Structure formats: C-alpha cells, structure tokens
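Join the two chains into one complex using the hints; note that each chain is given alone, in its own frame.
Chains A and E, in that order, are what the protein sequence lines are. Going by our numbering, the first residue of the first sequence is number 1, and it counts up by one from there. Going by our numbering, the first residue of the second sequence is number 1, and it counts up by one from there.
There's no promise every hint is true.
As the list claims (entries may be wrong) - Simulated crosslink set (DSBU-like; lysine-lysine; CA at most 30 Å straight-line):
| hint | chain 1 | residue 1 | chain 2 | residue 2 |
| --- | --- | --- | --- | --- |
| 1 | A | 39 | E | 252 |
| 2 | E | 317 | E | 334 |
| 3 | A | 153 | A | 24 |
| 4 | E | 252 | E | 334 |
| 5 | E | 334 | A | 115 |
| 6 | A | 158 | A | 121 |
| 7 | A | 121 | E | 317 |
| 8 | E | 100 | E | 181 |
| 9 | E | 252 | E | 317 |
| 10 | E | 317 | A | 115 |
| 11 | E | 181 | E | 164 |
| 12 | A | 39 | A | 24 |
| 13 | A | 158 | A | 115 |
| 14 | A | 158 | A | 138 |
| 15 | A | 153 | A | 115 |
| 16 | E | 164 | E | 100 |
| 17 | A | 121 | A | 153 |
| 18 | A | 39 | E | 334 |
| 19 | A | 153 | E | 334 |
| 20 | A | 115 | E | 252 |
| 21 | E | 252 | A | 43 |
| 22 | A | 115 | A | 39 |
| 23 | E | 317 | A | 39 |
| 24 | A | 138 | E | 334 |
| 25 | A | 24 | A | 43 |
| 26 | A | 138 | A | 121 |
| 27 | E | 334 | A | 121 |
| 28 | A | 115 | A | 43 |
Hint data in this document are derived by calculation from the structure and do not stem from the laboratory. For clarity, every value in this text was computed on a predicted model and none was experimentally measured.
Okay, here's what each chain looks like letter by letter:
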Amino acid sequence: MKMLQEDDAPDAPMERVTTSANGKVKFLTDNVSVFYGAKQALKDIQLNIYANQVTALIGPSGCGKSTYLRCLNRMNDTIPGCRVAGTILLDGEDIYSGEMDPVHLRARVGMVFQKPNPFPKSIFENVAYGPRIHGLAKDRQELEMIVENSLQKAGLWKEVQDRLAQPGTGLSGGQQQRLCIARAIAVQPEVILMDEPCSALDPIATARIEELIDELRQNYTIVIVTHSMQQAARVSQRTGFFHLGSLVETGATGQIFTNPVEQRTQDYITGRFG
Amino acid sequence: MNSETGHAAAVPAAVPRAADRVAASLKRRYAAERRFRACGLAAVCFAVFCLGVLLFTVFRTAIPAFTQTMIELEVTLYPQEIDPAGTRTADAISTADYQKLIRDALDDLFPDISDRRQRRELMALLSPGATYTLRDTVMADPGLIGRRITVRVPFADDVDQFAKGRFDAAADAASRPLSDKQIEWFQRLEQRGLVHHDFNTTLFTAGDSRSPELAGIWGALVGTFWTMLVTMAISFPLAIGAAVYLEEFAPKNRWTALIEVNINNLAAVPSIVFGLLGLAVFLNVFGLPRSAPLVGGLVLALMTLPIIIIASRAALKAVPPSIREAALGVGASKVQTVFHHVVPLAMPGMLTGAILGMAHALGETAPLLMIGMVAFIVDIPGSPLSAATVMPVQIYLWSDSPERAFVERSAAAIVILLGFLVVMNLVAVVLRRRFERKW
Chain A
1 MKMLQEDDAP
11 DAPMERVTTS
21 ANGKVKFLTD
31 NVSVFYGAKQ
41 ALKDIQLNIY
51 ANQVTALIGP
61 SGCGKSTYLR
71 CLNRMNDTIP
81 GCRVAGTILL
91 DGEDIYSGEM
101 DPVHLRARVG
111 MVFQKPNPFP
121 KSIFENVAYG
131 PRIHGLAKDR
141 QELEMIVENS
151 LQKAGLWKEV
161 QDRLAQPGTG
171 LSGGQQQRLC
181 IARAIAVQPE
191 VILMDEPCSA
201 LDPIATARIE
211 ELIDELRQNY
221 TIVIVTHSMQ
231 QAARVSQRTG
241 FFHLGSLVET
251 GATGQIFTNP
261 VEQRTQDYIT
271 GRFG
Chain E
1 MNSETGHAAA
11 VPAAVPRAAD
21 RVAASLKRRY
31 AAERRFRACG
41 LAAVCFAVFC
51 LGVLLFTVFR
61 TAIPAFTQTM
71 IELEVTLYPQ
81 EIDPAGTRTA
91 DAISTADYQK
101 LIRDALDDLF
111 PDISDRRQRR
121 ELMALLSPGA
131 TYTLRDTVMA
141 DPGLIGRRIT
151 VRVPFADDVD
161 QFAKGRFDAA
171 ADAASRPLSD
181 KQIEWFQRLE
191 QRGLVHHDFN
201 TTLFTAGDSR
211 SPELAGIWGA
221 LVGTFWTMLV
231 TMAISFPLAI
241 GAAVYLEEFA
251 PKNRWTALIE
261 VNINNLAAVP
271 SIVFGLLGLA
281 VFLNVFGLPR
291 SAPLVGGLVL
301 ALMTLPIIII
311 ASRAALKAVP
321 PSIREAALGV
331 GASKVQTVFH
341 HVVPLAMPGM
351 LTGAILGMAH
361 ALGETAPLLM
371 IGMVAFIVDI
381 PGSPLSAATV
391 MPVQIYLWSD
401 SPERAFVERS
411 AAAIVILLGF
421 LVVMNLVAVV
431 LRRRFERKW
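Here chain E stands alone, though its shape is the one from the complex (with noise of 0.2 Å):
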C-alpha cells in the first residue's frame, strides 16, 4: 500500500507536464536576461564615466587659455622716438624703438626702481609681444604719434599662469619661475586697477610661436583647411569612383576578388606607413614641396581612400534589387540604372563615409610627421605649396614644449579639434537624415 502510493506520487513528479516545465524555466530565463541587461548597462555606465573624466579634464585644463592676463599701459608716443624724420612713412614707423617706448611707459609707473638689473626683470614682467601690439596700434593710425595713448599689452606667460594661480607666491623662490620682486610689482600692478583678465583673441588669430601668450592656432587651423580641401578633392571622387566600379561594373573574377581584399588591408595599414609613402614617393621622387598641406593632403587621402570605398560600396550593396530591377525593366541601360537610381539613394551612407574619413583625416598626425609637417611655422599658410602644420601636429608639438602656458593651450587646441570632430559628425547625421528614404 505504502509502496503503492509513494509510486503514485512519484509519476507526476517524474513527467510534469509540458506548461509547468515551462513555468519553470521561465525563471531561469527572466534571470538570465536580467544580468545580461545589468552587464550592458554597467558597460555603458563605466564608458560614459571615462568620457566624463577625459572631456571634464580636458575642459579644466583648457578653459584658462581662453583668457589672457593683460596690463594697461599708458603710452607716450614721443614723434622724435617714433619717426624722427618726420617723414611718417610706414618703413620709418615700422622700424621705430617700440620697446624703449614700452619701457619707459612702465618704469614710470615704478619710479622707485633704478637699478638697471631690477628694472631688466621688471620689464621682464611683460610679454616680448608687448612690443608688436604697440607698433600694429601705430602702424594701423598713425595719427596717434605725439599722443599719449593707453594700449592693453599682454604678460608674460610666467605672470599669466601666476594669475592665473598655477603657482603659490608662498612657494619656495628657486622653484618658480618669478622672484619675490616680480611677484611684489605684479600685486601692486594688481592693486592700481592696470591687470585685466581679457579674451584670448591671440588663440584664434595668431600662428604658432615661442612664447604661449603669442601662440594660436589660426595658422594650424588654416593648415587644416588647406590639408583637408586636397584629401577631399582627391579621395572623395576617387572613392565614390571605384566603388560604384567595383561594385556595379567590375567583373567579379580572381582580379576584382584580390582588389577587394587589398583595399580591406589597406584599411588597416598603420597610418605612418602612409606617411613614409608620402615621404619616399611625394618627397623624394616627385619633388613636392617639404610641409606642404598639398603633399599632407595626398597622403591623407591615400590613407581615407580604402574607409571612403569600403564605406560607398556598403552603401551600394543595401540598395535593393528591386529598384535595380525596375530600373532595367523600363528598358534604362546599365550606367542609367546605376546613376539615376542607384547611386543617389547610396549617396547618403557615401556621404556619411566620406565625412567619418575626413574625420579620421582631421585627428591624423603620424604621417605627417613623416613629410615634415611637424616644423615650427608661425606664418599663416597661403596656399597648399606653403609651409604649414595641421591641428592635430599643433597639439602634439605644443604638448612638448616645456612651457606650462602651453599645457592650457594644448587643452584648449584639443577642444577646439574636439568641436570640429562633432560638427562633421553631426554634419554626417543631418546628412543621412536629410537624403534617407524609404522603400
């Protein structure tokens, strides 16, 4: 009997039926699901903490450079300093002692410094600069000669960043760069109402140089233009070219097969190969200029040429048949089928490649260091042929210069390179947007 019901018991147990196994697993499944969303969230959560750390460090460093520690000077400009002669002509006001002008309009504001070393540093106090802003207020009105003007010219970097409390007045003397003097004029100067905290035009306007108050981007950023006007020139219709060949023309034998997979290697050619290319063929054999945007502009389109197909030609391949088909049908020949119908409706993800190219063209500096584009340019470039540097060059060139003043300023460069960067994605999104359609 006991047997007999323990058996009974036992057979619903050992066959449950098909719903409750069901039931059962479903548990299982719902957990099973939930770590796996827990883990994805937590991935994403840790990615946009880093971004977080990197953007926020990147701005802190960077939101200093965009002001300037400047003095308020009040000027003489004495006509026997300036232009002796009296013959005002730009040669002559060009040539004039700007500096001496600049010295004596500070020591009268310290008359009790007389000793020649101390008033060396005083005027040490004051960018090398001081001087041009002075000559280009002149040179622009010559009118102001005899007058006594009051012009705004900067410090030097050490008082900007002490301004700007990068260092501690406190700290031990040897280990800053401004004596005690220094730091005593620079708080009396304080004091009288002379220092203000302008906008760093400087940045925008000026090309590189020695001194981080005098340093800007324009000339890279213009070397940028200028980099970026011939890889798009070059690569864009060259891609779109071999793509719609490849993909809507070519034959696909063993050639085309061995095209296809060279052009996904060259893909992911390290891009200082690029660079040596450049060197080797533009350079040494055609002779091309040394640091030239032209010669950056060809190896950087070399080097987006295989994203900007690879990218076109998947663009090609997600058209459907069907609007091929149509095409045909109504009696249209290849070329028409692939130009009216094809490639405009590819023609936003062409687009969005040829954008995320350039994009990766814009942060590219290994090549260029390779074709010399790395010097030290402080004339804006004019053209393609002259000498110039690109963002991305600029940033790691200032990042190696010893100066603090420069670590802001790289900061600052990188934001900058930062907004372009989204901008052309952005650029890339509305694209898409705009010339998406439905089938």
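Isolated chain A (complex conformation) (with noise of 0.2 Å):
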C-alpha cells in the first residue's frame, strides 16, 4: 500500500522530463564518460536528443559516436571491460540506475545495425520474434498484424507479403536492412538507434532508407550515425559532431551545415579533414 502510494507521488525525483524551445527532450545526456579498460573512448558528453526528430552524429571514424549510440540502449553492458560513467536519462528516467532493467530499455531503444544482420530465420520469424519474446500479441492473429503493420511501415510488404516463409537472409542488402528496420519497430520502441544504416547499400537503397526514416520521425526519436554528411543534412533535424571523443558542436542541422561555430566543425564538414 506505502509503495503504492510512493509510485502514484507526482513530484518522484527521478520525473525530471524537460521541455525546452526544440521540443520534448527524449534522451538527456549529462557529462557521459566512456572507457574501454584504461582507454577512455568519451569524454563529457552533454547532448539533448529530442523526441519525434532525426539527430544526426557525424564524425571521423573512432570518433566515439557509435559508442555513445550504444550508450543509449546499453549495448555496450555486453562489451567486456567497458565502463559508463555520467547520466543518461530517457524520459527522465536514470537508465544506468539499478532500477532501470537493460532488456526492458532495449524493448523501448530499438536498434538497427550497420550491417543489416536479420536472423537466419523466415521473413515472418525475424519480425515475430520480438512481439512474441515480449508477449505483445495475444494470438496468432494479432501477431500477423503486427508483423503486417511493422513490414508496411518499413515499407518493405509490397515486396514481401507472398514469401514471408522464406529465409530473410536471401533478400537483397537494402531489404534485409529494411527488414531489420521492421524488425525494431514491431517491439514497438519509442527511440530507434541507427548505427550507420546505409554504410552497406547502394545509392538506390540508401535513397529508400532515408524516405522511411524521415517517414518514421512521426511516431519515433531517431538517432543515427553516419559517414555521409549528405544523409546527415537531408535526414535529420538535429545534429551532433565529435572528434576524438568529444562532442564538439551541436546543433539544428540547418546551422551546423551553414554556419558552424567552431573551427573544427568547419573544417570537418567542408572536407579539410576526416
């Protein structure tokens, strides 16, 4: 009854959901360190991500955004050695509290992969099985509507709707990554992490990946990581530059890509180096 009581409190500390000019802030980041063993892969980070917008992270290679994407569903809990220090909160909820079950925040932090990685299952199986290990269909009928649902919304059922019992891996790159893409949404995520989701696909692909992620920024947060500064402009409304580690300038996409305040930025995106 107490601990009831004690949920039902309006003002618990860890409600710290902020609101700011650019929207409802879905993931807040403060002062986030990560090492690997000695290695220290980031440092500071302090970097709003907001909700219903893409947030792009650009960056040279082992600059540490993949790192700080895997920060955001505790991916990196799986990586020997690797130590998080500093705040993340999503919704404004301590994800690296104790209280916060890391299989529940992936249910909610839905991920897609730089190589698109579908199970050696059929098409039907690989979008199953999250609603199926997570227990969100009731029957059998409901979970061909959510596979239905997500592979629409992924925009790949045109395509698929008469093989569903073949293996997924015998699709082509750009499917199989869209696949993945439906893959995450039928968990029915509010956040989708995309580590750089086109590094595999041909310009037509890539084309079609960047339609559905700006589709998809009307029910979903998305973050994604990429090389290519022109994906970063024309997908995302936010983004993020590091360099070795640090978060060096962010920003809406508009103004970073124009008129960037630091040097660095400006040198990076111009091509002067990484």
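This is the structure:
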C-alpha cells in the first residue's frame, strides 16, 4: 500500500522531464564518459535528443559516435571492460540506475545495425521474434497483424507479402536492412538507434531508407550515426559533431552545415579532414 | 670510345625496368609453386596408397570369415534316445544326448571306420557346436522327433581353415592341425557333395566362444550399444551445458581461464588414465559392477567430455556477433539470445563434435581393460549392468587367440567396426550439411 502511494507520488525525484524550445527532450545526456579498460572513448558528453526528431551524429572514424549511440540502449554492457560514467535520462529516468532493466530498455530503444543482420529464419519469424518474446500479441492473428504493420511501416510489405516464409537472409541488402528496421519497429519502441544503416547499401537502397527515416520520424525518435554528411543534412533536424571522443558542436542541422560555431566543425564539413 | 660504349651497355643491365624484373622472378615463383604442388600431391598419393594397402589387407583377411564350411548330415531322431519317457517336455528334450545322434549320423557316412580312436578323430571334424545346432532344431519343433531329418552343422575351425586353403594337404603332417586320415575323410565328404560353404550367420548372431566357428560379434555389438548409450546420455548434455556456460555466460576471469586450460589438458590425457580413474572411483569407491557397460560408458563419457566441449565452444565462437547484437537489440535477454539464436546456429558444429567424440569412444580399448570389460563373455548383455565387452576389446581378445580362424574373425570384426565409424562420420557430415545456415 505504501509502495503504491510512493509510485503514485507526482514529484518523484526521477521525474525530470524537460522541454525546451526544440521540443520534448527524449534523451538527456549529462557529463557522459565511456572507458574501454583504461582507454577513454568518450569525454564529458552533453547532448539532448528531442522527441520525434532525427538526430544525426557525424564525425571521423573512431570519434566515439557509435560508442555514444550504444550507450543509449546499454548495448555497451555486453562489451567486457566497458564502463560508462555520467547520467543518461530517458524521459527523465536514469537508464544506468539499478532500477532500469537493460532488457526492458532495449525494448523501448530499438536498434538497427551497420550491417544488415537478419536472423537466419523466415521473414515472418524475423519480425515476429520481438513481439513474441515480449508477449505483445495475444494470438497468432494479432501477431500476423503486428508483422504486417511493421513491414508496411518499413516499406517492405509489398515486396515480401508473398514470401513471408522464405529466409530473411535471401533478400537483397537494402531489403534486409528494411527488414531489420521492421524488426525494430515490431517491438513498438519509442526510440530507434541507427548505426550507419546505409553504409553497406547502394545509392538507390540508401535513398529508400532515407525516405523511410523521414516517415518514421512522425512516430519515433531517431538517432542516426552516419559517415555521409549529405545524408545527415538530408534526413536530420539536429546534428552533433564528434571528434576524438568529444562532442564538438551540436545544433540544428541547418545551422551546423551552413554556419558552424566551431572551427573544427567547419573544417570537417568542408572536407579539410576526416 | 670503346669504354664509352661499354659503359652505355652496362647501364640498362644494371638498372632493369621493374616489369622486366617481375618477368624474371615469375619463372622462379612458378617453379616454387610447381614444387609445392608436387610435394602435396606426392604426400596425398602416399597416404592414399598406405590406406589402400591397409584396407586391402584387412578386407582380404576378413572376407573368408563371412563364410563357414558346413556339413549336411542326415540324422535320425530316435524317440527312445531323445525322450525315452515320451513326456515331450522342454526339459527332457533339452537334456537329451544329441552328441550321440550326431556321432551315429557321422558313423553312418563312414561304415568302414570301426576303430575307436579313428572314430574319435572322425568326430573331431565337426564343431562342438553341431550338437547345439541339432538341439535347437529339435527344441524349435518337437514334432520332428522320430523322423529322419537333414541338418547343416558347422565343421570344426581347423577343417574350415583347410577348406579355405589355409594350409596344404601336401605339407608335413606334424605341422598341420589335421591328420592325413581326417583330410582324406573330408575329401570323401566333399566328393559326396555333403560339404557346403554357407554365409556365416553365427558371426552376427552369437556371443564370444572358445571355438572360432561358434564365436560371433553380437555380444560385443550389444555391449558397445549399451556403452555408447551411457556415454552419449552423459557426455552430450554435460558437454553442451559446459560449453554454453563457459562461452556465453561465465565471467572471463582467472578461474574460467584455469578451467579452460584444464579442459584442453584433459583432451590430451592418455585414455588409460581415465580407465585407472574409473577403476579407482567407480569400481572401488562407488562399488559399481565390474565389466559393466555402465562403468565403461561413464569412463568413456569422461574421456569424450573435453573433446565435445572444445568442439562445441568452437562452434559457439563461430556464430557471428551480429546475430547476438540483433537479438539483444530487440530486447531479448541473454538466455533468450543464447538459446533462441546462438545455440541453434552452433548446433551442427556441436553435433559434429559429439559424433566425432563418440566415434573416438567407439574405438577405445585401453580404459575398458582397466575396468574389466576385457573378460571372456559368452552371454549377450541384457542391460548396462550385465557383464559385457565392446567391439575393439573383442578384436583385441580375438587377435590374441592362438586359433588361426580367429585371425580372419578379428579382421571381420575390424571391418564391421570401421563400417560403424564410417556411418557415424557420414551422419556427422549429413547433419552438418542439413543444419548449416548462411548468414
């Protein structure tokens, strides 16, 4: 009874939802550093990620942008020797606190990887796996609905509706990546993290995924790591520039690409290094 | 002038173009490649030749064991001999003196022999198993009593060897196991068409025997089956469990490193050491029965455990990390990731390791000697607790026997054991093909 009252209390200390001129803050990152053993990969990152926007993370290879991305769904937990310091809040909840279950977090924060990695199972099973383990569907019919919806949202339904039983690994690279996006959507996450989702795809498949990202923005918060500055400029509303483990500059995409504050950002964008 | 032209000619020779140097080195490189290929081909040819010689020798020795020389005898089943009381009970029929009936039937074929010693020599042509064959025939159908029937009974092993041309009638009588008389009688039987070369069913249906013509591998096969069953039931789940835990769940610290080193070391421990361990622990401490497939299976399970663990861990390691990340990324827990995705993908490799481990155990002799599975066992083992022996030990026992006929039977047993090994390895290959998936 006492527990219930505590839970119902409106001013719980973890409730620190902040809104700013840019919209509702989905992820609040405060002073985050990441260490791989003795090596520091990220230094004191301060970054807000806003709801229903696409945030692009750019920077040269090895700058820590993927590491940062993997902090957001605690994927770094699986790497031995990796330590995260600082605070990351998802809707005001500390995701590195003892109360946050990483499995639950990953259901709320989905991920799409650099290389398309469908399970070596059927297309249907690939999408149905997440809802099934989380118990999101009451019966087979509902599960089929979820699969169809997810594939439709990922723009893959028309291409695969006749061959749901065929292996997901038999699709083309671009289709595989969209299958992976459908798989992430099927769990109904709040945020989708994308780690260079187009780096293994040709320009046509890339264009298709970029279109998709723009559509998905309506319902999801998206964080995308990319090496392509054109891609960042095309799909994102906000951009963060990482260099040597530090967040150099962050701001609206238009401002970063046309009128950066920092000299290093200017140099990177104009191709003077990176 | 002269020196100038000499100088001019020397310059291009000293600094040839890169393309020319490549062209010059190509010849050397190709020659090296040809040498390497020839060496490899020679090694393969040599290996194939050796294997061919080995298999040819074994098969050539083994083939005669699959036939057995039999005699066709007409036996009169006198009721007064078999069952004088006329009760026709199984007990009465089984205790009758069938040897006398056989002797009478044989004497009928050679009415000219009256001397007792010669008659004993004549009887020695037949296997002691002839009596059992006749008894089994009568037991199976007591209605035959009182009739005159034709039965085929085995010759003694020496006669069988003579019929297969293993020794020459012209050789010195002292150096061969049959006397001149016996050879002459056998040749007379042959002329009358009473000698047959039948397929040796005894080899596949009987247990061990002191008489080669009555010895079979069925007892050893059944013993092998029980032993392998115990080995499989214990080592497979344990090894898979250990491999999955060590590879996927165990923290990587000093203790797991120590365990890993020791598992690798265990795989290299001589198998006889496992036999001594079985003797000391399973027999002496736990008091399990001697010569039992249960103990043999336990010992072989200990021996195959490290092999299966190492193969399974390699299979688990080979599953790409992207699959693990994909599963974790949609919110699967560690256990779900491992058992829904990683283990199914590693299964073909694990099964291959298990089958190769079992094949290894199938051919193992030394540890079983230590726990008493080397005994002379005639009965077919009925359970994992009854005394038994296994195929390789049976081969070892037979190859140690003085009778010539056991040589070909050892070879036949080797052929059968090799057959099992080939089948097991084929199953491993088929499983690997069937479950192999691309990602």
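Against the structure, the hints:
1. A:39 with E:252: holds, 19 Å
2. E:317 with E:334: It holds: about 16 Å lies between the C-alpha atoms, which stays within 30 Å.
3. A:153 with A:24: Since the Cα atoms of residue 153 of chain A and residue 24 of chain A sit roughly 24 Å apart, the hinted pair holds (cutoff 30 Å).
4. E:252 with E:334: Within the cut-off at roughly 16 Å; holds.
5. E:334 with A:115: holds, 21 Å
6. A:158 with A:121: Given that 30 Å is the threshold and the Cα spacing comes to 19 Å, the pair holds.
7. A:121 with E:317: holds, 20 Å
8. E:100 with E:181: holds, 22 Å
9. E:252 with E:317: holds, 14 Å
10. E:317 with A:115: It holds: about 19 Å lies between the C-alpha atoms, which stays within 30 Å.
11. E:181 with E:164: At roughly 18 Å apart (the allowed maximum being 30 Å), residue 164 of chain E and residue 181 of chain E satisfy the hint.
12. A:39 with A:24: Distance ~34 Å between residue 39 of chain A and residue 24 of chain A Cα, so the pair is violated.
13. A:158 with A:115: holds, 23 Å
14. A:158 with A:138: With a Cα-Cα distance of about 25 Å, the restraint between residue 158 of chain A and residue 138 of chain A holds, given a limit of 30 Å.
15. A:153 with A:115: Roughly 20 Å separates the two Cα atoms, so the pair holds.
16. E:164 with E:100: Roughly 28 Å between the alpha carbons, so the hint for residue 164 of chain E and residue 100 of chain E holds.
17. A:121 with A:153: holds, 21 Å
18. A:39 with E:334: The given pair, whose Cα atoms are some 27 Å apart, holds under the 30 Å limit.
19. A:153 with E:334: Given that 30 Å is the threshold and the Cα spacing comes to 28 Å, the pair holds.
20. A:115 with E:252: It holds: about 27 Å lies between the C-alpha atoms, which stays within 30 Å.
21. E:252 with A:43: With a Cα-Cα distance of about 27 Å, the restraint between residue 252 of chain E and residue 43 of chain A holds, given a limit of 30 Å.
22. A:115 with A:39: holds, 26 Å
23. E:317 with A:39: Holds. Residue 317 of chain E to residue 39 of chain A sits at ~26 Å (cutoff 30 Å).
24. A:138 with E:334: Judged against 30 Å, a Cα distance of about 24 Å means the pair holds.
25. A:24 with A:43: holds, 25 Å
26. A:138 with A:121: Measuring from Cα to Cα gives roughly 22 Å; hence the hint holds.
27. E:334 with A:121: holds, 19 Å
28. A:115 with A:43: This hinted pair holds, its Cα atoms lying about 27 Å apart.
In terms of the numbered hints stated before, the structure departs from hint 12 and from no other.
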